[in-house]
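Below, each chain spelled out in residue letters.
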Amino acid sequence: MGSDNKTSLREISTTITGKTRGAAMAAENVRVGYGEKIILSELSLEIRRGEITALVGPNGSGKSTLLKGMARLLKLHSGTVFLEGEELTKMANSEIARRLAVLPQAPTAPAGLTVGELVEQGRYPHAGPMRMLRKQDHEAIGRALELTGTLEFANRPLENLSGGERQRAWIALTLAQATPVLFLDEPTTFLDIGHQLEVLELVGQLNREQGMTIVMVLHDLNQAAQYAHRMVVLRKGSIVADGAPAEVMTGEVLEKVFNIKAHIVTDPASGRPVFLPYAVVKNEEVGRGQ
Amino acid sequence: MSLSTGVAPEKPFAEKIPANPLARRFLPLLVACLLAIVVLLILYIGLGTVSLSPGEVIAALVNQPVETFHRQIVWDLRFPRGLVAILVGAMLGLAGAILQTITRNPLASPDLTGVSAGAVLASVLGIAFIPPLAAGGPALPFVALAGGVVVGATVYFLSRQGRSDPLRLALNGILLGAILNSGSSIVLIFDQERAANIVLWLIGSLNGRVWSHFNTLWPWALVGIPLALGCAGLANTLNLGDDVATGLGQNVERARAGLFFIAVLLASSAVAIVGAIGFIGLIGPHISRRLVGDDARRLLPMSAVVTALLLLLSDFIVQAITKGSLPVGAITALLGAPFFLYLIFRRVKA
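From first to last, the protein sequence lines are chains A and B. Each step along the first sequence adds one to the number in the working numbering, with nothing skipped, and position 259 is 259. Each step along the second sequence adds one to the number in the working numbering, with nothing skipped, and position 7 is 297.
Among the hints, erroneous ones may be present.
Unchecked claim - Derived DSSO-like pairs: lysine-lysine, alpha-carbon spacing no greater than 30 Å straight-line:
| id | chain 1 | residue 1 | chain 2 | residue 2 |
| --- | --- | --- | --- | --- |
| 1 | B | Lys301 | A | Lys261 |
| 2 | A | Lys135 | B | Lys613 |
| 3 | A | Lys261 | A | Lys282 |
| 4 | A | Lys261 | A | Lys236 |
| 5 | A | Lys75 | A | Lys135 |
| 6 | A | Lys37 | A | Lys75 |
To be verified - Facing chain B, from chain A, some residues (calculated, C-beta under 7 Å):
| id | residue |
| --- | --- |
| 7 | Ala106 |
| 8 | Glu139 |
| 9 | Asn259 |
| 10 | Ile260 |
Calculated directly from the structure, the hints in this document are not laboratory data. As the structure is a prediction and not an experimental result, all values here were calculated from the model. Note that CB positions come from ideal geometry on N, CA and C, so glycine has one too.
Could you put together the complete structure from these sequences and hints?
If you want it as structure tokens, here you go:
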């Protein structure tokens with residue numbers, strides 16, 4: 001069903017070589033899903049180094065599936081993922097984990113585990129399970145705690161933290177991995193708006209100050225437009241728009257992808273687009289539009 | 291590596307991490323429990339038809355008995371029984387802590403994952419139908435291990451749909467365990483001759499455990515305990531969930547299968563010697579969790595020591611109150627079942 005829409009909807013074709021310089025990661029013709037159910041087929045995407053890329057789209061569009069497939073949390077049926085030009089399937093598990101960190105949606109840990117103990121686990125790919133933590137490991141753990149502002153509650157059990165604090169602790173876990181690339185699957189789910197912004201500010205800061213390449217799945221389009229350099233819009237398993245927020249957040253895209261009519265205005269402070277929805281598009285209209 | 295682009299810190303980050311109070315109290319608590327085991331063991335040995343004072347026990351232990359027959363009572367009967375209790379407790383506690391960690395389920399333990407029931411059924415079948423095994427002996431743990439592994443693996447694969455699900459694992463274990471226990475009971479009906487003996491297996495008993503039992507058990511402990519403690523780091527990472535652990539570079543299926551096998555090995559060999567002593571592998575790790583937290587590097591050794599102390603204490607109570615006529619499994623069930631209900635109640639409330 002995805003292939004019918006592909007031709008009619010705006011498709012940004014990127015030259016995919018997988019080995020392009022400057023590409024932190026690339027997916028080439030990946031086919032991935034849950035068990036026998038294929039969600040994405042023949043999809044290609046290149047992630048540029050040093051950028052924040054937001055994957056957006058309606059429920060079931062395949063944005064999380066794409067992230068999980070690229071991060072080897074889901075097995076690919078076919079296609080290839082490259083990490084800095086190297087084929088993921090040809091790399092050792094720990095080698096991947098030293099270069100790519102991934103935080104799944106709504107992760108859980110034993111309730112009594114402290115923040116410090118959680119973040120220590122980020123050193124797993126750097127030291128074998130039998131070996132003790134070395135000096136550089138403690139340094140990386142301390143840095144991750146400091147960057148996320150979780151140093152002060154390093155000894156508190158996770159169950160005693162607020163949702164925002166807990167999410168920052170989980171992000172600290174991925175930072176202790178000290179990878180150049182970070183994947184976040186809906187990092188703001190289940191958080192109130194204040195804590196959502198707290199997490200997104202942290203993501204922006206990591207990108208600016210640490211030069212990290214970040215790919216995140218976001219539900220909120222305005223937040224994606226606000227914090228990402230690039231928005232990739234998925235619908236029914238295909239990429240239907242891809243570009244800077246100002247290029248992607250158009251009435252046309254919102255109507256075709258999300259079935260809504262909206263005014264697009266520019267936030268005077270950031271220069272980023274913001275949408276204000278005012279109507280739902282009826283299904284027949286969408287059909288005619290295509 | 292790419293994180294090093296930031297401004298150089300005025301103080302190393304490592305020095306800013308506050309010391310973990312749970313880690314600080316781990317060693318003192320561990321030593322305290324070990325001392326408690328030693329003290330309790332001396333009191334335990336003194337207990338019985340002929341009661342001995344702690345001084346007499348120590349004198350007999352160092353081969354300078356006050357009365358010649360003390361040496362026999364201490365060395366031939368009570369000391370080996372105490373050592374078996376300590377070793378079995380440590381093994382069941384470790385197995386429980388590992389199972390709780392890898393299933394991410396606080397209600398998991400050797401008896402609740404079907405492993406004990408499998409080991410018991412295999413042992414009971416062996417005793418009843420394979421004449422050389424009738425008297426127990428060093429071959430029995432292998433038979434029990436086969437039973438534990440078969441049931442453990444069955445539960446593991448039954449619970450696996452694409453990826454293994456912790457809750458299914460526990461549920462399947464309880465169900466399969468119930469079926470197997472009725473299997474053991476059927477053997478019992480057909481083998482009236484040894485029925486009384488076999489009943490003790492189903493409940494778990496330390497009665498009549500002597501050096502031959504200890505000698506069968508210790509090689510298994512020597513392999514299983516260090517292996518389990520060495521895998522604490524693996525267990526910690528696995529405990530964060532499949533996706534996070536995969537993201538950290540862990541081969542999740544292999545790590546889980548390996549840890550599962552170690553837990554089954556510990557539990558089965560212990561069960562082969564004393565039968566399915568219930569609840570002890572559930573309670574010990576829970577008390578330890580309260581004491582030193584959820585980090586497996588502290589939880590696993592603490593669970594071994596605390597559970598050993600618990601089993602020795604349970605057998606002490608049995609000896610003191612019933613003069614050894616009740617099997618120790620009866621008292622652990624009596625104390626353990628309400629604790630299990632409390633855990634479920636707390637879970638339902640939360």
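**Earlier hints that do not hold, by number** = 1, 2, 5, 7, 9 and 10
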